[in-house]
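For the first sequence, our numbering gives the first residue as 1, with consecutive numbering after it.
I should point out that these hints are in silico values taken from the structure, not numbers from a laboratory.
Just to be clear, a hint being listed does not mean it is correct.
[Said to hold, decoys possible] List time: in silico DSSO-like cross-link candidates among lysine-lysine, alpha-carbon distance up to 27 Å: (1) LYS405 to LYS440; (2) LYS418 to LYS197; (3) LYS440 to LYS459; (4) LYS137 to LYS74; (5) LYS347 to LYS418; (6) LYS449 to LYS491; (7) LYS528 to LYS194; (8) LYS491 to LYS462; (9) LYS347 to LYS619; (10) LYS491 to LYS440; (11) LYS164 to LYS352; (12) LYS333 to LYS647; (13) LYS477 to LYS197; (14) LYS109 to LYS137; (15) LYS164 to LYS194; (16) LYS397 to LYS477; (17) LYS477 to LYS418; (18) LYS611 to LYS322; (19) LYS109 to LYS257; (20) LYS191 to LYS213; (21) LYS459 to LYS137; (22) LYS405 to LYS512; (23) LYS647 to LYS74; (24) LYS213 to LYS137; (25) LYS440 to LYS477; (26) LYS74 to LYS191; (27) LYS440 to LYS461; (28) LYS347 to LYS333; (29) LYS352 to LYS109; (30) LYS449 to LYS459; (31) LYS347 to LYS329.
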Amino acid sequence: MKEMINSAVRKFSIPYEKDLNSSQFEAVIHTKGPLLVIAGAGSGKTRTLTYRVARLVEEGISPGSILLLTFTRKAAQEMLRRAAGLLDNRCENISGGTFHSFANNILRKYSRQIGLGSGFNIIDRYDSEALIGLIRKEMLSTSRQSSFPRNHTLSTIFSKALNKVLTIEDVICNDYPHFADDLDTIIAINKAYKVRKTEHYYLDYDDLLVCFKALMEEHPDLRHRISSSYEHIMVDEYQDTNQMQADILTLLASANKNIMVVGDDSQSIYAFRGANFINIMRFPELFPGARTITLEENYRSDQPILDLTNIIIERASEKYSKTLFTRRKGGVKPLLVCTSGENSQSKFIIEKIRELNQYGIPLNEIAVLFRAGYHSFDLEIELTRSDIPFKKVGGFKFVESAHIKDVLAHLKVLVNSKDRLSWQRILLLVDRIGRQTANKIFDAISSEKSGYTGLLTAKIKKQTSENLSGLKDLFGKIDSGVMSVYEMGDKVVDYYLPLLREQFDDHPKRAKDLEHLLSIMERYDSLKEFLTDMTLEPPNTSIDDSLSDNSGGDDLLVLSTIHSAKGLEWHTVFIIWALDGRFPSSHSINNPEELEEELRLMYVAATRARKSLYFTYPKEVYDRSTGMVLKRPSRFLDSINSGILGKHSFGSFNYFY
DNA sequence: CCAGTATCCCTTTTT
DNA sequence: GGGATACTGG
């Protein structure tokens, strides 16, 4: 009661109205009922969210009852850090994370009520594919194996069906009509996959969402308890949520209806994993009475950059149209540069970076963006040669490399001694053990109540058994004491290093990665938590920046996939491989929807730049997969007149050697 | 039954 | 240019 009177007359400590423009301010003070914010690129979306968090806390809302769902944990942390700086550290206590990590937390909390028993283990895409592979092999005759969709494809189909809340039949008809004949078998494999997961207490990424939704749908009491414990819900990057996530949000907001979603339909770039920007269009239907606010003033880029990006996105047939503008005047025209080859593309970047450096632009204010991880290989070599330090974000991940997965497998069985996929991986590393023997040993292990005694009792050849002695020693050592997460990791790495040297030519580099892994482990008290994080929130750089900051400072050039660059900005941005067939990728050019996603991706990339923007493409490249010679610049840029987009060339164009 | 060799496939983006 | 699968020899 006292609280209510207070809030009516409270003077806020933050000058919201002064710090924000009128649309942002409106979004911040609209704290009752559903709210949709359409936030153009660089329109101060993060600022708005940050101020809104502070505002809610100032209004007296308990931080724990504010839920902030973001795309990455890093984004959530950053926002809370900024809000704390704005107000005070109460803001640090706000609940938040990704949909998946939030689902994980809730499911752990209520695992017993929903029949998940003592717990579950999260499997990543690779484990999931491996499990599907086992089933696929069992169910298909050898002759049928080759014509049947691969593990990876099956996994994609299953995942799409779940995330879009469709049947497998729907997905096959829409996206994979050429597999229509195999439909029955595919469905059977999917069934078996589900059974297998349940048997092993495995949850894959999708299951986290599915189970979370089921929990709330099937247990009204829990739904009520959960949804009423979050008075306010905020969702960032709403354009990249899928149907499943939208359903979950509806359930989560069922008690209070104080839900704010922020997004930009023009920046929807995750349709390939089921995201549907229609969610953003439907929000007002889903939440009647929703207020819609559009943020159109851009605070990031100079006008010449916006002139170009507005033209790029104009071609999209999206529905919420908006035109970004800035009050800033001046600036330089973006440039499209044709280079004589891939290597001269890299050379051009390096020359420009040196130039920018001389003008006083630090390396960390420059980014090179690309469509796919491998597009930067040549550049990485040249940068190393030129002594330009960089960090790469996106593309192949640290935890996805074979040696890291090997070590993690040894740790996973410590938490779940019946983890079949991990055992398979561990055992196959041992000399003279193949699939059959591995299965035999696993059967022995899984028939034991607990622990690894199966390693000793399995009936296998004497020689093979001797090869296992190192592994037995390892688990003997680890099992015996009360060890820290780090110590366990250390023992595993000790055991693994000889195998690493045998297996990989580049073992010194990989050994360094293992060191790095150990240093991450140092931060954890619980092995289970460590493993969950490695699956749900893995470090996505090859060199963890939060740790290696001490060495050489953090003035590093950024190389990043466009997907990983979302939400970030730099003084100067280079977009390489702006070559038709690479960007847009030749995979997408026959599908209007996919092509449009590529267009949005180009838009996202270009809107990262504040002051200068370069697109580069090699003049002529032979594309193996299509057998075509790629020589046109990206169709998204091709026809733009040179008053908006300047044209240059770089390198020597010798046609005769 | 394992391990080494041949062959075919595909080749984006990520929780 | 690599990874997964299929085949063959030991």
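Structure-based check of all given hints:
1. LYS405 to LYS440: holds, 22 Å
2. LYS418 to LYS197: holds, 12 Å
3. LYS440 to LYS459: Distance of about 8 Å is within 27 Å: holds.
4. LYS137 to LYS74: violated, 39 Å
5. LYS347 to LYS418: violated, 52 Å
6. LYS449 to LYS491: It holds: about 25 Å lies between the C-alpha atoms, which stays within 27 Å.
7. LYS528 to LYS194: holds, 23 Å
8. LYS491 to LYS462: Cα-Cα ~26 Å, so holds.
9. LYS347 to LYS619: Holds, at about 14 Å.
10. LYS491 to LYS440: holds, 26 Å
11. LYS164 to LYS352: Outside the cut-off at roughly 44 Å; violated.
12. LYS333 to LYS647: Holds, because 10 Å separates the two Cα atoms, which is no more than 27 Å.
13. LYS477 to LYS197: With Cα atoms ~30 Å apart, LYS477 and LYS197 exceed 27 Å; violated.
14. LYS109 to LYS137: This hinted pair is violated, its Cα atoms lying about 36 Å apart.
15. LYS164 to LYS194: holds, 18 Å
16. LYS397 to LYS477: Violated, because 31 Å separates the two Cα atoms, which is more than 27 Å.
17. LYS477 to LYS418: With a Cα-Cα distance of about 19 Å, the restraint between LYS477 and LYS418 holds, given a limit of 27 Å.
18. LYS611 to LYS322: holds, 22 Å
19. LYS109 to LYS257: holds, 23 Å
20. LYS191 to LYS213: Distance ~19 Å between LYS191 and LYS213 Cα, so the pair holds.
21. LYS459 to LYS137: holds, 25 Å
22. LYS405 to LYS512: holds, 15 Å
23. LYS647 to LYS74: violated, 37 Å
24. LYS213 to LYS137: violated, 32 Å
25. LYS440 to LYS477: Given pair LYS440, LYS477 holds - Cα atoms ~24 Å apart, limit 27 Å.
26. LYS74 to LYS191: violated, 36 Å
27. LYS440 to LYS461: Satisfied, since the Cα-Cα distance of roughly 11 Å is no more than 27 Å.
28. LYS347 to LYS333: Holds. LYS347 to LYS333 sits at ~21 Å (cutoff 27 Å).
29. LYS352 to LYS109: Outside the cut-off at roughly 53 Å; violated.
30. LYS449 to LYS459: holds, 18 Å
31. LYS347 to LYS329: Violated: LYS347 and LYS329 sit about 32 Å apart, past 27 Å.
Of the numbered hints given earlier, the model fails hints 4, 5, 11, 13, 14, 16, 23, 24, 26, 29 and 31; all others are met.
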